[in-house]
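Please arrange chain B on chain A, whose structure you already have, making use of the hints.
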Amino acid sequence: MENKAMKLVLSGAPHFVTGYDIQKTMGMVIIALLPALAGGVYFFGPRALLVTAVSVVSAVAAEFLFRKALRRETHITDLSAVVTGMLLALILPVSSPLWMAAVGSAFAIVVAKELFGGLGGNFANPALVGRAVLLMSWPAFMTRWSPSLHAAAVDATTTATPLGILKLGGTITDVIKSVGASGKPALYLQMFLGNHAGCIGETSGLLLLLGAVFLVVTRVIDLRTPVAMIAAVFAASWLFGRDPVFSVLAGGILLGAFFMATDYVTTPVTPIGKWAFGIGAGLMTVLIRQLGNFPEGVTYGILLMNVVVPYLDKIIPRKFGFVKPRKVNA
Amino acid sequence: MSLKTFRGGIHPPEHKEPTRDVPIERVPTPTSVVIHLTQAIGAQNQPLIKVGDRVLKGQKIGDVQACPAAAVHASITGIVKKIEPAPQSNLKDGMAVFIEADGTDETAYMSPLDAFACSREEAVKRLRDAGIVGMGGASFPTDVKLAPPADKPVDTIIANGAECEPYLTIDYRTMIESPADVVEGLAIAAHIVGAKKAYIAIESNKADALPVIERQFAGHSHGILMGTIIAATKYPEGGEKMLIKAVTGREVPSHGLPADIGVIVQNVGTLKAIKEAFIDGKPLIERGFTVSGGACKTPKNLYAPIGTVVADLIPGVIQLSDDVRKVIFGGPMMGVAVASLQTPVAKGTSGILFFTAAESKQYEERQCIRCGRCADACAAWLMPMLLNAALLSDDLNRADAIGLVDCFECGACSYVCPARIPLAQRFKLGKDLLRNQRAKEARHGK
Chain A
1 MENKAMKLVL
11 SGAPHFVTGY
21 DIQKTMGMVI
31 IALLPALAGG
41 VYFFGPRALL
51 VTAVSVVSAV
61 AAEFLFRKAL
71 RRETHITDLS
81 AVVTGMLLAL
91 ILPVSSPLWM
101 AAVGSAFAIV
111 VAKELFGGLG
121 GNFANPALVG
131 RAVLLMSWPA
141 FMTRWSPSLH
151 AAAVDATTTA
161 TPLGILKLGG
171 TITDVIKSVG
181 ASGKPALYLQ
191 MFLGNHAGCI
201 GETSGLLLLL
211 GAVFLVVTRV
221 IDLRTPVAMI
231 AAVFAASWLF
241 GRDPVFSVLA
251 GGILLGAFFM
261 ATDYVTTPVT
271 PIGKWAFGIG
281 AGLMTVLIRQ
291 LGNFPEGVTY
301 GILLMNVVVP
311 YLDKIIPRKF
321 GFVKPRKVNA
Chain B
1 MSLKTFRGGI
11 HPPEHKEPTR
21 DVPIERVPTP
31 TSVVIHLTQA
41 IGAQNQPLIK
51 VGDRVLKGQK
61 IGDVQACPAA
71 AVHASITGIV
81 KKIEPAPQSN
91 LKDGMAVFIE
101 ADGTDETAYM
111 SPLDAFACSR
121 EEAVKRLRDA
131 GIVGMGGASF
141 PTDVKLAPPA
151 DKPVDTIIAN
161 GAECEPYLTI
171 DYRTMIESPA
181 DVVEGLAIAA
191 HIVGAKKAYI
201 AIESNKADAL
211 PVIERQFAGH
221 SHGILMGTII
231 AATKYPEGGE
241 KMLIKAVTGR
251 EVPSHGLPAD
261 IGVIVQNVGT
271 LKAIKEAFID
281 GKPLIERGFT
291 VSGGACKTPK
301 NLYAPIGTVV
311 ADLIPGVIQL
321 SDDVRKVIFG
331 GPMMGVAVAS
341 LQTPVAKGTS
351 GILFFTAAES
361 KQYEERQCIR
371 CGRCADACAA
381 WLMPMLLNAA
391 LLSDDLNRAD
401 AIGLVDCFEC
411 GACSYVCPAR
421 IPLAQRFKLG
431 KDLLRNQRAK
441 EARHGK
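Quick note, the sequences are listed as chains A and B, same order.
Each step along the first sequence adds one to the number in UniProt numbering, with nothing skipped, and position 15 is 15.
Each step along the second sequence adds one to the number in UniProt numbering, with nothing skipped, and position 156 is 156.
None of these hints come from the bench; they were simulated from the model.
Any given hint could turn out to be false.
Unchecked claim - One-sided excerpt, in silico: chain A residues whose CB lies under 7 angstroms from chain B: (1) H15; (2) T25; (3) L50.
A quick note: this is a predicted structure, and the numbers were derived from the prediction, not measured.
We treat Cβ as the ideally placed atom computed from N, Cα and C, and that holds for glycine.
Chain A extracted, bound-state conformation (with noise of 0.2 angstroms):
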């Protein structure tokens, strides 16, 4: 048969792609952080959802825009504009005001990602990026904070967290009755939950870790670095005479562990790279919280990590054939 009219397609192998792309990854994380979305408006009202809103919406429309302006092609199907928004909303005050989130996520994806190339081309987190400049430039809007609608003890509109309670000289006891708990285990329990004074979705590590295990459970992340940031700060806590349990449950650990440390783009590829990595995460949390001002330190713990990526990139594995040959028995 010679069909003069078929054309083929000619291509490089393989021939053949899975279906999982981007969109599909973006997508995975997305849902993942709807529990703790969930929580944030449980624990904090039906504004922590508006706050979100806004915060995605701009950075949607901050890369859309940026894009365009700049006659490149548009990507936000991909969905990162959106987790950049999820996820910097999630790490902000539940009073923070509109404009502000709004103004934090178009900083984020502009500056942080779109600058630098895009997707794929930044170096450090966008929506930790955008928290520590809203941070810097609107503190008191950053460390304004709403007790837990379901707080047991407290009737004031605005509290401490339990980290801010320590770093203004008060004890474990303060926290403890700041929070309405009997004793430690309780408190323990009620951070776990995530009924205390913090950012939107930062409070509850039950629903965070519902979130990380769907993304352990589809493979989207990979352990090692989680594991090395909170194992780091159980023991420097430990070692600094913080009660350890607490330090991990408190601030943005896990929030911070599960879903910016393990930012594909800004973290390190290796395996070696992601211990150490989060190990460093980890030190310089809990060095930020015990030495610095700042009664948290997730934002610049990572940040400071996200630098030092390219180094970490250099410690290879072993790759395969390369052993001593062995001795072959004839």
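Showing chain B alone in chain A's frame:
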């Protein structure tokens, strides 16, 4: 029973169902064939015949005094019409002999040779004269493979029946339909290299071929210790290095050969060809292959003379749907998309796939998001995302330092990449660029 395997790899959809249970069909002798003079890795053959000559099926028509190289033979009896370049399955036009059948079935086979009675030199020469090459796709001359240097004793030989490429089922059918030939060929190959142990390794999805094969051990093993191995169904389990790792636990050294660690691997189709070369005196002039793919209305396993032009099989043997957009020689992971249906079946053709427009979809390449899936999939334990970054910044030295040449282009990284980066293709190109750069440096005495 835990299955033997290697670390890394992928699980693409198998697509073997359409042809798995279809017996191998011998195609009617074509009226003409196009036989490329050089069909093996190595030196270029010279024609031994002239235009107008009558050649017999099995007659040697191309050879060269060099090593490695493999002779080629006429696969039908007829008249040499012309000797000129023709498209081949590596996308380069190669010098080919066009033979028109004269309707007779005269053959010019060699006389049988007892591999267990002749000298090793005679046996190796027989492989050379029969033009046997690796039929899994690599087309490396078998006589060279089965004659490793004396300082590298081989203790184990593995028959590769893994057939890890999706769609392909010809090795499976060969094992089911000609188990005695495979075992006999394995015994001959083991005897030639002096291997004490011989294994037949298959993937778990073909486990039903094992009892069929084991039944032949008694009559055809010639005293060689034989066993069967079930390896995990995973791509690229049938990669030579991967299969050796799975079966023996040994790692072929980087830049080394299997013989360096005392192992030889041969595809089951090649073993059948070895048996035929000795017992029947028949050179490698025919082979089996799978035809399949979404645009192929008649998925099946065929047995055809080397040199059969694909277009000549349509529509008598193969029927295609109208939306054929891609024709692949080999499997979907490592096969080559050809430009023309005038491409003939070669010694290394294990399958011909016809893909629809939907199956031939091209994707936009995005920036690497460093998700690490390529590294998980890499059977050579490389960091494809870092190789990609090095090559994109034209840093060949960096790419070399982190293992560019250890990539064997299985394509698993490209398959899993969510950013649709043609990683394997880029590494293939990078290896060429690196080879050129190193050659240039050598010339300039650097």
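Results for each hint:
1. Taking 7 angstroms as the C-beta contact cut-off toward chain B, the hint placing A:H15 at the interface holds, the least distance being around 5 angstroms.
2. A hinted interface residue such as A:T25 counts as satisfied when its beta carbon comes closer than 7 angstroms to some beta carbon of chain B; here the least separation is about 5 angstroms, so the hint holds.
3. Violation of the interface hint for A:L50 is found here, the shortest Cβ-Cβ separation to chain B being roughly 30 angstroms, above the 7 angstroms cut-off.
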